[in-house]
Each structure stands twice: as structure tokens, then as C-alpha cells.
Amino acid sequence: SWSDLHQRYRGPWADVVHHSGRVLQALSFQPSGAIVAAATTSLPEGVGAEPNRDHRYSWLRGAGITTEALWVAACPDEAADFVSFTTTASATSAAPDHALQTVFGVGGEHDLSQRVLPRLSGWRGSRPVRVGVDVSQHEPGVHGELLSAAHRLADHIHGVDDDTKAFLVSIADEAAIRWRETDRGIWHAGGVPRHFVHSKVMYWVALDRAVALAPVLDAENRAAQWKRAQDEIFATVMRHGWNEAQHTFTQSFGSDALDASGLVIPIVGFLPPDDPHVLATIDAVEERLTDEHGLVHRYRTEEAVDGGAGRDGAVLLWTFTLARALALAGRVDRARAVFERAVGRANDVGLLAGDVDPRTGEMLGNFPQALSHVGLVNAAWTIGDAERRIAEQHGHAEHAANGVHVD
Numbered sequence: 004s005w006s007d008l009h010q011r012y013r014g015p016w017a018d019v020v021h022h023s024g025r026v027l028q029a030l031s032f033q034p035s036g037a038i039v040a041a042a043t044t045s046l047p048e049g050v051g052a053e054p055n056r057d058h059r060y061s062w063l064r065g066a067g068i069t070t071e072a073l074w075v076a077a078c079p080d081e082a083a084d085f086v087s088f089t090t091t092a093s094a095t096s097a098a099p100d101h102a103l104q105t106v107f108g109v110g111g112e113h114d115l116s117q118r119v120l121p122r123l124s125g126w127r128g129s130r131p132v133r134v135g136v137d138v139s140q141h142e143p144g145v146h147g148e149l150l151s152a153a154h155r156l157a158d159h160i161h162g163v164d165d166d167t168k169a170f171l172v173s174i175a176d177e178a179a180i181r182w183r184e185t186d187r188g189i190w191h192a193g194g195v196p197r198h199f200v201h202s203k204v205m206y207w208v209a210l211d212r213a214v215a216l217a218p219v220l221d222a223e224n225r226a227a228q229w230k231r232a233q234d235e236i237f238a239t240v241m242r243h244g245w246n247e248a249q250h251t252f253t254q255s256f257g258s259d260a261l262d263a264s265g266l267v268i269p270i271v272g273f274l275p276p277d278d279p280h281v282l283a284t285i286d287a288v289e290e291r292l293t294d295e296h297g298l299v300h301r302y303r304t305e306e307a308v309d310g311g312a313g314r315d316g317a318v319l320l321w322t323f324t325l326a327r328a329l330a331l332a333g334r335v336d337r338a339r340a341v342f343e344r345a346v347g348r349a350n351d352v353g354l355l356a357g358d359v360d361p362r363t364g365e366m367l368g369n370f371p372q373a374l375s376h377v378g379l380v381n382a383a384w385t386i387g388d389a390e391r392r393i394a395e396q397h398g399h400a401e402h403a404a405n406g407v408h409v410d
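Residue numbers for the sequence shown follow our numbering, beginning at 4 and rising by one.
Hints in this document: simulated from the structure, not taken from any laboratory.
Where hints are given, some of them may not hold.
Taking lysine to any residue and the SDA-like style, the derived pairs with C-alpha atoms no more than 20 Å apart in a straight line are [stated by the list, open to error]:
| no. | residue 1 | residue 2 |
| --- | --- | --- |
| 1 | Lys168 | Leu103 |
| 2 | Lys230 | Ala157 |
| 3 | Lys230 | Asp176 |
| 4 | Lys168 | Ala215 |
| 5 | Lys230 | Glu177 |
| 6 | Lys230 | Met241 |
| 7 | Lys230 | Glu184 |
| 8 | Lys168 | Asp221 |
| 9 | Lys230 | Ser173 |
| 10 | Lys168 | Leu156 |
A quick note: this is a predicted structure, and the numbers were derived from the prediction, not measured.
Based on the provided sequences and hints, a complete structural model is requested.
Structure representation (C-alpha cells):
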């Protein structure tokens, strides 16, 4: 009955899109609108290995693409509930001179104190088994995620309360300042903090969406300031994030490392999907981060050999993201092939984990992983939309060849 009322997607792979929509609904906490990252704890991304996390909480990371997926595979009500949860939970955790908390309990709880359960041996001896999350970890992309999610629902937030408006304005103001800082990136890399390209792009997203939302947020007086910072970020990324020798956007400024997170650049609108820099980055990810099974890895350094220390397990979200970037670039046949390979990793009841062992093909990590199903939904929709646009262009061309005017 929920599917009949909420799922209106009509496009390619409708059955798996609807199924993923139901998975997201199953991972949601209806009273608050929260969606947990996964239903389990301490299933690692490698047998007997770290990281070994508790994913039974709701992260701001991925809020933008999750809102898109709910819009496609559920309905605006579910998307609005999720955005309301993320903004309320994060706003109530905000404090001057403190980093924004980025993960919460399903009721909006802030105290998620992490502890180890030493009596448990863990899955295949994968220790430690953990309960709770370290909430102090900084996520540099969340400003963009929050404002992107709000922007997706712009037509539905005109009645938003003044406190929420003020919070979103403060997030944009913070992005206009913090984008100059170094951080540890989307993968929480060790070593010295760096200027990660993905972090800068997500700060750009925050300011781009804030400019668009300025009238809704009663912040027209800040729009010019936000736009100046946005333009400065763009120029900086184009100057320092592009590696001419590697012919791709790299992981961080001055680096030779290729990173799958560069695929978000056309998806978030930082550059057009047919821009030469975008096409070259897509080609690099296809050639150098895609394994023999057709699945995408997060990153790889040029110094590492295949399968070496610079390359980790295949990630389904980023495989779906490659399919989405290919579709936006008009390479629909290749997008379909990538999508099919990723969907083929689902188990017998259509569930996806986050990672895949590149040697055995076994799914790894906490399960089912919400972001994998989010990636599936968004990629299917993007491929279908690209196919519709190509068909319309073909129809217009045929009519023009026959001397028929199409209004």
C-alpha cells in the first residue's frame, strides 16, 4: 500500500528503483524522517580489517543525493521529512567555534558515545565490535549537502520557520569562510590536512544553492557576498585542482592521485557534463579506477601498483556515480553497462552493501547500505532522463529534416 501511494517512478529499471525506494523506507524512522546509513554495526570493509563502524545512525553526508533519491523513488513528503530531520538535528547541535555535528541518532540524539564490546569476536574475527560513533569527526562537505537538500525542496520550504532559515544562512556564511581551510577530505585521509578538491567543490555547492535560495531564506542582502566566494572557489579549483600532466582533476591540490569523488563535478553543476575537463576525468576514472569486474574504486595513487596500497575495495555508490556522470555526458550506452554491472551485485533479495571484494566479488561492509540504494535510484533516473532528451533531440532532427516545425 505504501508503494501504491508513494512510488510514481516510470523509467528504466523501474522494478529495482521501486525496490530501492522500499529499502530506503525500511531504513527510515518514520516519527522523525531520519534514515540510517545501514541496519548493522561492525561489518567491516575487509575481512578482519578496519574500518569497523556502527552505521545504525543518520549522517548528513549524502543528504543531497538522498533527498534526490527520495524524490524519485518515494515522494516529496518523505524527502521533506528527511530534510526537516537533517536541518533540525544539525541546527540544534550548532554552537559558536564548534564544528557542525554530522551524525545523529534517529530521534536527533547528539550523544552517540562510542564503546567497544570486547567479549564479541566480530564477523569472521573482525574486531573491534563497536557501538556508537565518534561525533567529533569533521565532514567538510556537509555544508553543500544540507543546502543542496534544501534547494531540492525549495518549492516546499516557503513556510519554513525563521530559526531554520537563520541556520541555513549561517551554514552558507560559514562555507564562505571555511572553504579556504585544509581538511582530511571525504575519506578522512591520514597525514597532514590538505586542500581536497571534493571539499572545495562541496563548499561551492553550498554557496551556489544559497544564492538560489536567498529569496526563500530572506537573505537577498547576502547573495552578492556568497556569489563572490563561489566564484573564487571555482577559480581556485580550476587553477589548482586540475593536473595537466595527469589530465584529470586530482584528489587534492598539487597531488597526482586520482579520486572517484571528482565524478561529482558535473553532477552538482560545477562544470557542464560535456566540458573537456569533465570528460577527461570520467575517462581517467573509467581507465584507472575501474577494476576487471567493472566496479569503481575510491582512489588510487600513481605510485601504487594495481591492487597495492593506493587502491581500496570497489564501492557501489561510486560505480553508480560513474554511470550517472556518463549519462550526463551523453554516453548512455556506457552508462547502462556500468549500471548493470553494479545492479548485478545485489543479493537474492535485491539488497546491496557498500563495498565489494575485488577478488571474490563478495559484498562487504554494513548492510544494507542506504547510499548504495540511493546511488542506484539516482543513476537509473539520470540514465532515463538522458535517454528521453536524446530521443527528443532525435525527434526534432527528424521533423526538421522533413520540413516539420516542432513548437
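Okay, which hints does this one fail, numbers in order?
none
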